[in-house]
Structures are given as structure tokens and as C-alpha cells.
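Engineer: Let's have the full structure, built from the sequences with the hints guiding it.
The chain contents come next:
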Amino acid sequence: MQTQLRTSRRDFLKIAGTTAGGLVIGFNWFSCDSPKMEVLSTEQILAQAKSFNSFLSISPTGDVVIFSPNPELGQNIKTSFPMVVAEELEADWEKVRVVQANLDPEKYERQLTGGSGAMPHSWERLRKAGATAKFVLVAAAAQTWKVPASELTVSKGMISHEGSGKKGHFGEFVAVATTLTAPEEVVLKDKKDFTIIGTPVKNVDAKSMYTGQGMYGLDFYREGMKYAMIQRAPFGMKLVSVDDAAARAVAGVSDVVSFGSNVAVVGTSTWPLMKAKKLLKISYEPETEVESSSDHDKLFADLLAKGSAEVKRKDGNVNLAFKNAAKIITAEYQCPFVAHSPMEPENFFAHVQGDKVELVGPTQTPDRARQETAALLGIPPENVSVEITRLGGGFGRRLRADYVIEAVEVSRAIQAPVKVTWSREDELTGGAYRPAVRYRFEAALDDKGTLTGYKLRGVGMNAGNTTRENNFPSGAVDHVLIETIEHASSITTNAWRAPITNFLAYAEQSFLDEVALAAGKDPVDFRLELLQRAKTNPVGEVDYDVDRMLGVVNMAKEKSNWGKNPSIKQGFSVYFSHRSYVAQVADIEVQGGKPTLKKITAVTDCGLVVNPTGANHQVRGGIVDGMGHAMYTNLTFEAGVPKQKNFDTYRLIRLKEVPEIDTHFVDSGFDPTGLGEPALPPTGGAIANAIFAATGRRLRSQPFIEQKEFSDIQLQIKRT
Amino acid sequence: MASFTLSINGTTRTVEVEDDTPLLWVLRDHLGLVGTKFSCGIAQCGACTVHVNGNATFSCMTPISSVGNAEVVTIEGLSEAGDHPVQKAWEQVDVAQCGYCQAGQIMTAAAFLNQNPSPSMEEIDNAMNRNICRCGTYHKIREAVSLASKSS
Numbered sequence: 001m002q003t004q005l006r007t008s009r010r011d012f013l014k015i016a017g018t019t020a021g022g023l024v025i026g027f028n029w030f031s032c033d034s035p036k037m038e039v040l041s042t043e044q045i046l047a048q049a050k051s052f053n054s055f056l057s058i059s060p061t062g063d064v065v066i067f068s069p070n071p072e073l074g075q076n077i078k079t080s081f082p083m084v085v086a087e088e089l090e091a092d093w094e095k096v097r098v099v100q101a102n103l104d105p106e107k108y109e110r111q112l113t114g115g116s117g118a119m120p121h122s123w124e125r126l127r128k129a130g131a132t133a134k135f136v137l138v139a140a141a142a143q144t145w146k147v148p149a150s151e152l153t154v155s156k157g158m159i160s161h162e163g164s165g166k167k168g169h170f171g172e173f174v175a176v177a178t179t180l181t182a183p184e185e186v187v188l189k190d191k192k193d194f195t196i197i198g199t200p201v202k203n204v205d206a207k208s209m210y211t212g213q214g215m216y217g218l219d220f221y222r223e224g225m226k227y228a229m230i231q232r233a234p235f236g237m238k239l240v241s242v243d244d245a246a247a248r249a250v251a252g253v254s255d256v257v258s259f260g261s262n263v264a265v266v267g268t269s270t271w272p273l274m275k276a277k278k279l280l281k282i283s284y285e286p287e288t289e290v291e292s293s294s295d296h297d298k299l300f301a302d303l304l305a306k307g308s309a310e311v312k313r314k315d316g317n318v319n320l321a322f323k324n325a326a327k328i329i330t331a332e333y334q335c336p337f338v339a340h341s342p343m344e345p346e347n348f349f350a351h352v353q354g355d356k357v358e359l360v361g362p363t364q365t366p367d368r369a370r371q372e373t374a375a376l377l378g379i380p381p382e383n384v385s386v387e388i389t390r391l392g393g394g395f396g397r398r399l400r401a402d403y404v405i406e407a408v409e410v411s412r413a414i415q416a417p418v419k420v421t422w423s424r425e426d427e428l429t430g431g432a433y434r435p436a437v438r439y440r441f442e443a444a445l446d447d448k449g450t451l452t453g454y455k456l457r458g459v460g461m462n463a464g465n466t467t468r469e470n471n472f473p474s475g476a477v478d479h480v481l482i483e484t485i486e487h488a489s490s491i492t493t494n495a496w497r498a499p500i501t502n503f504l505a506y507a508e509q510s511f512l513d514e515v516a517l518a519a520g521k522d523p524v525d526f527r528l529e530l531l532q533r534a535k536t537n538p539v540g541e542v543d544y545d546v547d548r549m550l551g552v553v554n555m556a557k558e559k560s561n562w563g564k565n566p567s568i569k570q571g572f573s574v575y576f577s578h579r580s581y582v583a584q585v586a587d588i589e590v591q592g593g594k595p596t597l598k599k600i601t602a603v604t605d606c607g608l609v610v611n612p613t614g615a616n617h618q619v620r621g622g623i624v625d626g627m628g629h630a631m632y633t634n635l636t637f638e639a640g641v642p643k644q645k646n647f648d649t650y651r652l653i654r655l656k657e658v659p660e661i662d663t664h665f666v667d668s669g670f671d672p673t674g675l676g677e678p679a680l681p682p683t684g685g686a687i688a689n690a691i692f693a694a695t696g697r698r699l700r701s702q703p704f705i706e707q708k709e710f711s712d713i714q715l716q717i718k719r720t
Numbered sequence: 001m002a003s004f005t006l007s008i009n010g011t012t013r014t015v016e017v018e019d020d021t022p023l024l025w026v027l028r029d030h031l032g033l034v035g036t037k038f039s040c041g042i043a044q045c046g047a048c049t050v051h052v053n054g055n056a057t058f059s060c061m062t063p064i065s066s067v068g069n070a071e072v073v074t075i076e077g078l079s080e081a082g083d084h085p086v087q088k089a090w091e092q093v094d095v096a097q098c099g100y101c102q103a104g105q106i107m108t109a110a111a112f113l114n115q116n117p118s119p120s121m122e123e124i125d126n127a128m129n130r131n132i133c134r135c136g137t138y139h140k141i142r143e144a145v146s147l148a149s150k151s152s
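Line by line, the protein sequences give chains X and U. So in our numbering, spot 663 of the first sequence is number 663, and the numbers just go up one at a time. So in our numbering, spot 16 of the second sequence is number 16, and the numbers just go up one at a time.
The hints are simulated quantities; they were obtained by calculation from the structure and are not laboratory data. We put the CB at the ideal spot given by N, CA and C, even for glycine. Any given hint might turn out to be false.
Only pairs whose alpha carbons sit at most 25 Å apart, straight line, appear in this in silico DSS-like list of lysine-lysine [what the hints assert, rightly or not]:
#, chain 1, residue 1, chain 2, residue 2
1, U, Lys150, X, Lys718
2, X, Lys708, X, Lys643
3, X, Lys207, U, Lys150
4, X, Lys594, X, Lys569
Stretch-level coverage of chain U by chain X, calculated; a stretch enters the list once three of its residues show a Cβ under 8 Å from a Cβ in chain X [what the hints assert, rightly or not]:
#, stretch
5, 36–50
6, 62–76
7, 85–92
8, 101–114
9, 126–140
Structural biologist: See the structure below:
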């Protein structure tokens, strides 16, 4: 299948008008056939390269530089984006260099990392970028050799003409190619001819990471810059006064400045600031409600019982379904606040100079950093430059620009370039958490065990819509009522990897397990029955593709040997999020009354897999993340301050707590649909359902290790 | 302020800092060796791991006054060309996601394998359990340490 695509004017201006760099036309560094190849630095290549479009430049040496515009936080986009460009260009991957592009809204659309959306958004754009450049290179070779372009073939950066035996690398045609006009339509490769996409290409930053080259925001240094750390107010409180005498007396502290309720200590290196921050004597007073976790428990109960709810979905007559039910099942599930805790704490460099600002650091949303900076200072956004460093994790925390704005505030106050660094304590107490949520589920079964009524009511702390009302099992049930209730908390919240679904999926998939057992049905058969209903006679609109969900359920049933081994107790879970589908099965073996979690089988439909290594990483990483937070992690509050302030009490999953993970991918024929988040949501449910199957204990709150029902279950975890 | 003369990656370096300054911040802020990472600051995550006389050490909780003339090796000095067997194994297995913790993981693994060149998987797990990876690359870490142990 070949695809014809119109080229967007924004992405592909006339090439002749957009070349950059000091090219010496006709100058060759080496012949491609020469055995001795000089290895040039990326800067050397770029100095003589010509720009073909926003994504790639090619030098007369035949070296290709591919710009990756989206922030890299471990989702491997800096490797997979260039793979797609190089595929259509027919480049030699060995001659491709990858450069992180800085923020440039003129050149790039959606230059952000979030929502598992980069590859789905850019897939066609990247392919066109490569294909367009290939087209003009071929046209240039045809013109040079005076042969028809249709007689030329391209492979690994070489253009060949079989009839005349002529052969040359891309670099030889760059000068001519960049005088040609790019076509508006290009022919893309047939997917079966892919030679780079679908192969395990290694991380392009591997060497830099494993030799300790400073590439993260926290590593950034500018001659003459100051360092700063900030004390923030408890949630719901505001600053009244500061006694900074003791902090200022610490050697290496040059200044203490306040803005809003924040107090920043400034100095010439980090350690004195850590000491000085502890010596600040700050008094606060309540500004709004100052909340503790005990308040949340009461709020959840009150709001679930009588809070006015926003109706998100209503099908049929749910009251009648429950009135006529043969059996009604009701359960409540709850999740705590958790922090994002990327290994690299928040930090940013800012230099405010008059009406211009330079920003450098780790951000998932460079344009938001730019816009909020411009708004704060009342300057045009184009006066703010943003250099994107590699991110030491993100998980949604760096979608916010609060820590960028802090750096701007400090730089403005001290009139100097500054890097603001958060400590781990700052990261865990500084806000923007995954919200705490409680759900009440109710299910009505008729006398055949068919699910006829389904009610879900969620209460969230600054969670927005706590439901995904058009997700499964909506579409498969005649009578549905889905409602959400918001509590405006003084504790700040933010998107957290797979927002809402990271917990809703666990609650819903556990509850469906309860309903299946109440109906006397196998949990997988019960889901298949519901999906068949949604396929043949759907109720209302749904967001998910029933066939793709059926695909992962059926393959997971097969790959996990579902129900085949009586000594293995299994838990099933399946979820659709961010355009992709993941089914998971957790296996627990019970020997001598002791349960051992042995394996999680994961079946994913994320469309076409661009890089199998990266895809496996995202699935395993998502499962480890989902398991860790379901099992171990909790953030509780006392008078607006988290009790867990560092990794000694805020427990993250470790190597010995991870079982075998067996990954499979469905070849559904779809283009890539995203994978940074979708593997996380199903995990908690698969494990909780397996624990129930093995022990009869139903875990309705996270983290599991803090639940009464789990206290005497000594779950072992086996690694292979 | 006091003057400290240190042996870092085989060279002698002198810094003027307060004697309670952790080795981590001396490396990062005073010597420009930013490969050693800050993450928790309380010896819980291992991102700051360096070798002190060959032992994997949390540099965030090592006051500079305690270092004396001990040999300190950081990720920058683990090998000249980035080809230490552990670094090569990390590349071959393609371990990293965000990569931030990996220098510490590599330093923990290198010190461990130096002391125990042919470990069992159980011993590898016990050695590597002190380092947190928030991205969850634990399967690949185990695989890479195992690979390095066979090839070293």
C-alpha cells in the first residue's frame, strides 16, 4: 500500500529559501567508497550542512542530521522520531546524527511530551519530511547524470543508476537538491519495505549517558550563574514574615529574596543553600482550608453520600435496572495522592535581561514555559528562548511551568543568571500530585448473570472528571449512570502518567472481577461477553475500538495460558487509554499457603511498533510503575504538609520487587497509537485480582501493603 | 572554609569548601564532574554512587572531610573511552529510559563485579537493589550486570 500525502506548507517551505550554514559547494570531505572515513563532530557536519526541512539537514559529506523536536524523558522519542525520518529518506543509520531541537513554534507543531501523543501526531509528518528530502535528492541526481529519476534507486544513503552504473552518496547531490522545489505530494514507502522502523535501534544518547556527560537540566552550568533553592509554603498557607539572618550567615549564601509565599536562598553553589534553607525562620498563616488526610477521609464519605454530582453519562433507566435486579454488587475503591518523583528533581536555568529571557532545562512543555514567562514579565513570547535538555524522567510533573517561573522570578530579583534546584524534599512536598480519588461502583445482574445496570460515582481532590465515561464497560450495558464530584482542595494536583486511568483502571477492573464472580462467570469470559454485546448491539457512543480490545483480550488469554494450570492463580485486567489497548494477566503460585507473584503477561496493541526495544521498555516500565505505586507508595498530609518527605518513607519499587514480565504485541495494522502511558493502567487490577484469586482477599485501596486485608499476606516476588 | 586535596579519577584536585560539604556537591559544583547525579540526598536511591577505594559509595552522604587521600572514581573516570565491560554491557542491552540513574547503576555494578566477578543472579539482585530506577529498567539492569559478569 502506497500513500499519497499532501505536504503542509508550514512544514515544507520551498527548499531553496530555507538553506542555512556556510556550504562550500562541490567540496567533498571524502569519497564514500574510501575506506578511511573521517568522523566529524555534529557541529562540524552542521556547519556545512544544508537544511532540507525542519527535521533534517544533510552535509556534502553525506552525513545526515535529524532534529528531534519533542522533549526526551525516557520515552525514547529522540531515537524513534529520527528512525521514521531516516526510513523514508533511505538514509544509512550509521551516518545519522540526532540533535535535540530547541523550542521553535514556527518550525514545529505540538512540541511537547504528554498524553502518549508524540508519535501518533508526528508519524505522517516525519515520514513526509524524509520522503520529500529523498525526492529532491533523487531529482538532483537525475539532473546531474541526465537520466530519468524513475530509473534511480536509493539505499542506505546511496543513489544508484543501474543502466549507467553511476553511484553517489547523498552529500554529492545536496548542492543541486537544495536549489530544487520540494513537491507538494510525496509517495511514502510500503510498510513491508521498512528496514529501520521495526528494528531494535539503540538509544542515540547511550554513550553520553553511560559515560556521565552532563546532558540533563541539573547539569547545566553557565559562567557566572548563581544557584538558588526555595522554601515553599504549606498548602493553604501564606507567608507572613521571614527571619533570614541565620540563613544569610551561612558561608556561600549571597542573597535571600521573597516572591509570593516563596523564599529563595541564593548563592554560589548548592550545599550552602541546603543548609541555609533549614535556617530560615518563616511564619505562615492560613489563606484557605489547611487540609490533612483525615479531612479527606471524611470529605470522601460525605461527598459520595450526598454531594451534588455532575452526570457524565446516562444510558437507559438505571433505577429500573437496579429495582429489577436479581443481584446487586456494591464496592468502594480509593487511591491516595502520590508525587511524580522523577529521579532528576525539578530545576531550571533562567536569565532575565531587560525584556529578553533565556531559559534552559527539563520541561515537557517548552511553549508553556515560554508563554507563562512572557505573561509574568509582560513581554512578547518571542523574546523568550527555551533550550530543552534531556529530562531525568517526567511522569507529567514537567507539564507544569511552576518551577520554570520560580527561576524567572529569582533571576529578575537578583538581576543575574540563576539555576533553581529542588531537593527531593522539595519535590515530595512541593505539590502538583496525582489527586486522591474515591469511587463507588454498583452493578445490577439479572437472573442469568447478565450485567444490566452499572453505576459509577467518583469523588476527586482537584481531579477534574474522575471518570472516563465513554470507556468500557459503557457501550456494553443497557442502563448506565456515571457521575463525578469535585472537591476544590488547597493541595495542588497535576496530570500524572495516564491521568485518572492510572487509578480508575485498577478500581474498575477489580470491580468487574467482583461482578464476574458474583455472576458465577470466568472473569475473561465475562469481559468477552460484554465486548460481544458492545460489538453487535452497542449502547450509545464509546471511545474505544471493540475489535482492538477483543484482540488484546483474546491474545492475553492464550499467551497467559489463562485458567489452564490449577496451581497458578491468575488475575486479569484490560484497559484502553491514550489510543492504545493493553491486557495483562498476573500469575500467583501458592505453595504451602504462601503466595508468590511470578509473572505478568502483557499484550499490547499500540499499532505499528516503531522500535521493539523502546516498546518493550515502555510496557515493562509502565507495569513496574503501575505495580510500584499500587503496592507501596503513599503520600499523606498533616496540616497542609506531606508526612513523607524523602525516599526513606516515600517508598518506590525496587529491583527485587519486580517479577518477570512477558510482553507481546498485536499486529493490528494501525499506524502507531502511542505507548508512554497505556501499559500502566491495567497493572494494579491484574495484581489485585490475582491476589484475590490466590488468597480470597479483595484489595480496594492503595497502596496494598498498608491495607488491613494485606497485612498477613506475605507475598513473595519471584524473579527469573 | 578549608582546603582539601583529593584524588579523583587518578588526578589530584584541590578545592576550598566547608568541611561538611558532601563529596557529591564537590564533584558537581566545584569540579564540574556532573556525571554523578543528585536525586535524594539521603543515601536511599544510589544515583550519586561513586567508588571510594573501590567501594560503591553514596557520595551525597560522604562529607569531604572524610575522604582524605582515598582514591575516588566517578563515572567520568570509570574508563577512558567509555568501554568498561559494564558500560559496554549497558550499551549492548540498551538499558536506559530517561538515563538519569544509570551512571549510579553502572558504578554500583562495576564495584560489585570487581569484588564478585562471577555472581549468581541472587547476588546481582542483592547488589543492585540499593539503586532506584524510577523508569523501571530493572529487568535490563539485571540482564546487563549478568552480561558484564560473563564478559569481564
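Engineer: Are the Cα positions of Lys150/U and Lys718/X separated by 25 Å at most?
Structural biologist: Holds: Lys150/U and Lys718/X sit about 23 Å apart, inside 25 Å.
Engineer: Are there at least three residues in the stretch 36–50 of chain U whose beta carbon sits under 8 Å from a beta carbon of chain X?
Structural biologist: Check passed, 10 qualifying residues.
Engineer: Within a Cα-Cα threshold of 25 Å, do Lys207/X and Lys150/U meet the stated pairing?
Structural biologist: Since the Cα atoms of Lys207/X and Lys150/U sit roughly 21 Å apart, the hinted pair holds (cutoff 25 Å).
Engineer: Would you check chain X against the stretch 85–92 of chain U, counting CB to CB pairs closer than 8 Å, and say if three or more residues qualify?
Structural biologist: The restraint on the stretch 85–92 of chain U holds, since 3 of its residues have a Cβ under 8 Å from chain X and three suffice.
Engineer: Closer than 8 Å, Cβ to Cβ, for at least three residues: run that test on the stretch 126–140 of chain U against chain X and report holds or violated.
Structural biologist: holds (count 13)
Engineer: Within a Cα-Cα threshold of 25 Å, do Lys594/X and Lys569/X meet the stated pairing?
Structural biologist: 12 Å, holds
Engineer: Holds or violated: the stretch 101–114 of chain U covered by chain X, criterion of 3 or more residues with Cβ-Cβ distance under 8 Å?
Structural biologist: holds (count 4)
Engineer: Closer than 8 Å Cβ to Cβ for three or more residues is the test here. Does the stretch 62–76 of chain U pass it with chain X?
Structural biologist: holds (count 3)
Engineer: Are Lys708/X and Lys643/X close enough, with their CA atoms no more than 25 Å apart?
Structural biologist: 20 Å, holds
Violated hints are absent here; each numbered hint is respected by the structure.
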